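Can you build the whole structure from these sequences, using the hints too?
There are 2 protein chains.
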Amino acid sequence: MEEHEPLLDVMSELATSASAFQRLSTTNGPAAAAAAAAATRQMSDDEIIDVSLASVGGGSGGSGGAQAEPPGSDNESDFGAHSKSYGTYNASSEDTDLPLGVGQYEDFHTIDWLRDIARDRLRHRHIVKKKKESCWDSLKGWHDAWSGWMCVLIVGCAAGLTAGVIDIGANWMFDIKNGICPSQFYFSREQCCWDSNSTFVQQDCPEWQTWPNVFGATDAHGVWYYLLQYFMYVFWSVFVGLLAVTLVRQFAPYACGSGIPEIKTILSGFIIRGYLGKWTYVIKSVTMMMAVSAGLSLGKEGPMVHMACCIGNIISYLFPKYGKNEAKKREILSAASAAGVAVAFGAPIGGVLFSLEEVSYYFPLKTLWRSFFCALVATFVLRSINPFGTSHLVMFYIDYNSPWFFFELIPFIILGVFGGLVGAFFIKANIHWCKYRKASKLGLYPTAEVLAITLITAVISFPNVYTRINTSELIAELFQQCGPEDSTDLCDYNRNFTNVNHGSESAESGHGVTRALWQLSLALVFKLLITIFTFGIKVPAGLFIPSMAIGAIAGRMLGVAMEQLAFHNPEWFIFKDMCNRNEACITPGIYAMVGAAAMLGGVTRMTVSLVVIMFELTGGIQYIVPIMAAVMTSKWVGDAVLKEGIYDAHIYLNGYPFLDSKLEFTHTTIAADVMRPR
Amino acid sequence: MEEHEPLLDVMSELATSASAFQRLSTTNGPAAAAAAAAATRQMSDDEIIDVSLASVGGGSGGSGGAQAEPPGSDNESDFGAHSKSYGTYNASSEDTDLPLGVGQYEDFHTIDWLRDIARDRLRHRHIVKKKKESCWDSLKGWHDAWSGWMCVLIVGCAAGLTAGVIDIGANWMFDIKNGICPSQFYFSREQCCWDSNSTFVQQDCPEWQTWPNVFGATDAHGVWYYLLQYFMYVFWSVFVGLLAVTLVRQFAPYACGSGIPEIKTILSGFIIRGYLGKWTYVIKSVTMMMAVSAGLSLGKEGPMVHMACCIGNIISYLFPKYGKNEAKKREILSAASAAGVAVAFGAPIGGVLFSLEEVSYYFPLKTLWRSFFCALVATFVLRSINPFGTSHLVMFYIDYNSPWFFFELIPFIILGVFGGLVGAFFIKANIHWCKYRKASKLGLYPTAEVLAITLITAVISFPNVYTRINTSELIAELFQQCGPEDSTDLCDYNRNFTNVNHGSESAESGHGVTRALWQLSLALVFKLLITIFTFGIKVPAGLFIPSMAIGAIAGRMLGVAMEQLAFHNPEWFIFKDMCNRNEACITPGIYAMVGAAAMLGGVTRMTVSLVVIMFELTGGIQYIVPIMAAVMTSKWVGDAVLKEGIYDAHIYLNGYPFLDSKLEFTHTTIAADVMRPR
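Here the protein sequences line up with chains A and B, keeping their order. Just so we're aligned, residue 1 is where the first sequence starts under full-length UniProt numbering, counting upward by one. Just so we're aligned, residue 1 is where the second sequence starts under full-length UniProt numbering, counting upward by one.
Not everything, but these chain A residues come out facing chain B in the computed CB check (under 8 angstroms): (1) I349; (2) V352; (3) F373; (4) F615; (5) M632.
Simulated pairs of lysine-lysine, DSSO-like, Cα-Cα distance not exceeding 27 angstroms: (6) A/K428 with A/K643; (7) B/K428 with A/K366; (8) A/K140 with A/K129; (9) B/K643 with A/K130; (10) B/K132 with A/K643; (11) B/K643 with A/K321; (12) A/K366 with B/K643; (13) B/K130 with A/K643; (14) B/K129 with A/K643.
Just so you know, the hints here were simulated from the structure itself, not pulled from any lab data. Bear in mind that the values here come from a model prediction, so they are computed numbers and not experimental data. Positions of the beta carbon are idealized from the N, C-alpha and C atoms, including for glycine.
If you want it as structure tokens, here you go:
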């Protein structure tokens, strides 16, 4: 009986561990082969320049990365090895008995999920067995049971802290383009004006000095003032852009880009040493603030996910259960990526769903709960830091509550089509440009490229007020409804102010609106084009915010058009029932919101997570049907034009061995097709 | 070459279909065995009374249900059968060639996922092959490709329609307890008063006649009036209760209960004939309105999921791809259950997540998108019907926007602990009672049981205003903040009305609040106890609303206590920084909301989906951290006391062969433990 027991255990363990392998059955054979194929191919890619430059991590680097185990043989031999190690398992040799030691995977190899999970079960069994022996061992057992939760707790705290610091830092660095707080130079404009007793109108804060002020120009409407401001804007942009690219290239080549394609690949079971290391983390944090401050058309939300995963990776080494087991570590990384989105958008549930829908490969319910907890902690810590000085987390809070009407579904669906088409166009153009960069000499001069893009962006951005301001501010402004107190161009309606209570009544657009629409359409074209060239340069760059901005601009423009249509044609049958002259029946802000969701959907092809993120961002719970309709349309249209989203496209572009779980292979597929995508 | 191709195809098909089997590796061996074991065991259970009574469906019923294939043998023999059928596959014999024909599974058998998916691939391949032959065939191919989306579209529409009709019907039937609209007897109170020109104060609608009015009693404060009202209330309750149980017993025994445990089992691959049939659907729709109208402590949200799944099942027969393939049909059922929650709560995203987290077994991304679309359509249709007469879908919309403070996390976590403990107590007590019912003679008299419960509920409910009203109205009232215009007991504060603008200032509680608290505490105890006995009787009965009501009462009481604590002790250090006398710093409504979430979490052990449902219900996006904290605590505490949620507990109670994907087996588990839970 004593002899038979281990065999029984092995069987039950294999049976139960099978339940943990949701998608692993595919991973084992073809993915390992794909890994080998892709790793070999990758060597010839330009991308490998970065890889071989990597000075971080202890891996074997580029040259050793091309060898993988022969794909066919690993299955059976591994099983044999397992049963042997099960049989000879010895309590005292916990570390030495592991088949390949701790750093058992080489760089650019695919992990063996089955073996890692089996190893974890062995470890666990050992702990459970010893638990009754002494008090210390039972404490160790307790620690082991809770270490997953502890780990995500720490990851959540660290992610929240990082996000808080970066938010404050990026704000300060963006403001320093325009001026400085002479008393405390490390204050952002808002912090500088907090001390001020003056009223809170934007222009009147004597403590804050614009650069022309500092250099002695006082006439805010003079040419000299404008030129000085322009020069400082461009100068600072180029300076921090250059600094960012230099830092990235010198210290952490992996810190560039959004990181989400690579994280998807890593979570699917690939090893890229140093990609989630501490240097990547530090350099990406610093350079991300710089990239935002340089005014480039990029967001800090995608990179936040990468940084949260870096945190997850670093913290997991405190818990050998996760740090020494690549398969288990991926559970922490899934939770960390949820925390990343949670702090990036203040959207904890959106983060969990993003991790589930977009990045994770293996997402059992236990990981769902841990991700939930991790996102909760991260959001909580960020809220405690309160980087924006508002008591709520909602970034683009909308304060209107106007209903939407059924006929509006038509423009919403048009926005969805727009998002799908433009999103697909964007992906195609961006991939085309990235391929060109790899093939041509351009790829050899990343610094020059960043310099050029920064210069062009800054020079073109400054004259247009909608591109000059921070992109998130632009989105927030586009989402808003015009109240009677708003005096911006976008809200310049010929209103009749005798009746103050009906501030939101329908009105004819004034000259300001026309001017704003012109500027917005220029901004739309510019943002779309420059983002194509920006996503892929060697600085940290996220896509969420630029995509949302493009969609929001288009949406707002359509919204204003609809509004004016309804105002000038109140007798049309679609408007007659719904609208009356005294109340605004069309809110352009809703269109901006829907447009932003549609465009983001077209670019990333997210669905559920995107809708949740949108309403966590805005609080607009009653617009869920329009947002869902637009996102669904956008996904359908986008999928019809181009099958994959931007992240998958970049995965294929870089030749990562990623076996998409969404892919369905048709019946004439042969194994080679699966193994070699593209 | 021609000979080899089929073999290659088979291989690639098996490889790719393996990717579709997320959790199937476990289902195949142990679940089939568990099915056999459980089905055998079930025969001795009392529950089988219902099963053998079932007059619906064409299955072999109870007696034939105990036989299953020998668990060990099916794996290899099936594979053999497959390769044979692959080899001999003939285009013209699509229907006859299927291994066991259309109704190939017997009642109470577990389906063979692998075979069904393989069959679907065969069918698909056949269509793809023929596609190029003629225009008609290519049209058929197109229809086949889109039939999944078409199917969920129709399911969504039907679910939305059903929900609209039921909402209107239940409203009317609930109002008829109190009175009638003589001009149009089929109008609910609200509809009746729409025509009225009188102001919209609750008491003043001459069109609506209470029963005492009808019988000639005019003095609304007289004893006679009260007694007449009481009598009619009890009489109507007992009458509709009796009608409901008779209908259920006569026509559709499967229509009782919430249906969620059975749907979980069905989705995990079990066959219960007639459980999702048209009779169940019709009878459940009708009797659910009656059960709600009988004033029983139950909700119509859980049954709505069951009814949506019935719709899914019925509609799937329009599309042979789904109707004739049990494995594929489950994809539609997953989407349908999402639509069910979506229309029950007006929470489309919550529905998708509920389907993912709670009921579904196999949930690939394609099903996620379809569920999303199905929920969207259902929500849209329901909104078009607009059963509540409000333009937004949010059921318990909260209109306050007051912040919460960090120290409040302590009471929120206390609510979480309360939810976890009381939830676990509720499950234990309810399971205990259900076991007693099965074991004793009580189970033989379901009609008498319903009669008794209805009578007791009605007699006790009427005197207490908080139990007399509809449970959803109670929840809505508890979630609200007191404004200066509110004159209910709960809002009876000794306010200083000289300053009208500060309506929400902190104030001492008046006598009304004390009275309300007393009544609420009685209601709490009563609801908790009566729900234990109610959940399990032979009428349709959901648990969401009663659980939320219990939690909301507890939360509101704690909230008022905190509020008064802060008012009377403003010098305490936790209150000193946060609160000042002129502004209310504690909103009892938030506590009610958090309490409702915590209690529902304790009973069902949902996490992410629950949080999303809560904020789709209330629109309270800025209270996401409190709700998440309470739900997480509640889950932890609940799991510590009792491992399974109410649905899993009922699955075990009824002996369904359900292999929980959340279960993790420890290392000493032997196969028999997995096969025989309990």
